[in-house]
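Participant: Based on the sequences and whatever the hints tell you, model everything.
Chain by chain, the residues:
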Amino acid sequence: DAGVTQSPTHLIKTRGQQVTLRCSPKSGHDTVSWYQQALGQGPQFIFQYYEEEERQRGNFPDRFSGHQFPNYSSELNVNALLLGDSALYLCASSFGADRDEQFFGPGTRLTVL
Amino acid sequence: DQQVKQNSPSLSVQEGRISILNCDYTNSMFDYFLWYKKYPAEGPTFLISISSIKDKNEDGRFTVFLNKSAKHLSLHIVPSQPGDSAVYFCAAKLDNYGQNFVFGPGTRLSVLP
Chain A
1 DAGVTQSPTH LIKTRGQQVT LRCSPKSGHD TVSWYQQALG QGPQFIFQYY
51 EEEERQRGNF PDRFSGHQFP NYSSELNVNA LLLGDSALYL CASSFGADRD
101 EQFFGPGTRL TVL
Chain B
1 DQQVKQNSPS LSVQEGRISI LNCDYTNSMF DYFLWYKKYP AEGPTFLISI
51 SSIKDKNEDG RFTVFLNKSA KHLSLHIVPS QPGDSAVYFC AAKLDNYGQN
101 FVFGPGTRLS VLP
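These protein sequences, in sequence, are chains A and B.
With the numbering used here, letter number 10 in the first sequence gets 10, and the count goes up by one each step, no holes.
With the numbering used here, letter number 113 in the second sequence gets 113, and the count goes up by one each step, no holes.
It is worth saying that the hints were derived from the structure and are not from the lab.
Please read these numbers as outputs of a predicted model, since none were measured by experiment.
One thing to keep in mind: the hints can contain errors.
[Unchecked claim] Simulated crosslink set (DSBU-like; lysine-lysine; CA at most 30 Å straight-line): (1) B:Lys38 x B:Lys5; (2) B:Lys38 x A:Lys13; (3) B:Lys68 x B:Lys5; (4) B:Lys68 x B:Lys56; (5) A:Lys26 x B:Lys38; (6) B:Lys54 x B:Lys71.
Facilitator: Written out as structure tokens, the structure is:
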């Protein structure tokens with residue numbers, strides 16, 4: 001049973017560019033949340049997708065947007081990249097949008113130059 | 001402004017002894033608390049949770065204690081094993097809705113053989 005998978009593993013972009021990160025949830029899960037983890041910090045909640053809609057959002061600007069597909073996979077898009085967007089981006093899935101236990105993927109390391 | 005703090009960046013414990021990881025929070029409205037552990041190159045893994053109506057929750061070798069008046073929680077691991085060596089994150093959320101968790105910066109636990 002495959003767990004949460006994310007692609008790509010690593011990504012290098014330059015300031016001002018746009019990036020799309022992808023996540024496939026664990027089999028049977030219908031909810032996906034995205035987190036940003038800066039070096040030496042804990043994960044910071046970006047947003048949650050459930051039933052193909054953004055259900056909750058953390059304190060992130062509109063440059064961060066997402067999408068959930070009918071097969072529950074999800075994308076995170078970041079526009080107009082800033083140096084400060086360099087971080088590990090984690091995707092987490094669960095069955096149900098209010099569950100405490102989430103299953104995390106290994107993350108995508110984004111470097112903005 | 002960090003709402004969830006883990007003031008010890010690292011902790012070393014001898015195998016077989018007790019590990020105590022501490023977490024403090026500033027927002028008295030937090031209602032649910034969780035602990036995750038993270039191995040290198042992997043996403044965080046859910047360990048244990050506690051709601052504010054309880055002061056203790058136990059799962060095998062792991063026990064979480066909550067002191068609401070002190071806005072403090074701790075994770076006890078007894079007995080500690082070398083496989084417990086990982087980064088431990090404390091997380092909190094305001095209510096039972098959604099997954100807008102606020103994570104602390106983590107504590108790196110090293111269990112020495």
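Participant: Determine for every hint whether it applies to the structure shown.
Facilitator: A quick look at each hint next to the structure:
no., hint, result
1, B:Lys38 x B:Lys5, "holds, 17 Å"
2, B:Lys38 x A:Lys13, "holds, 27 Å"
3, B:Lys68 x B:Lys5, "holds, 15 Å"
4, B:Lys68 x B:Lys56, "holds, 11 Å"
5, A:Lys26 x B:Lys38, "holds, 18 Å"
6, B:Lys54 x B:Lys71, "holds, 13 Å"
In this structure, none of the earlier numbered hints is contradicted; all agree with it.
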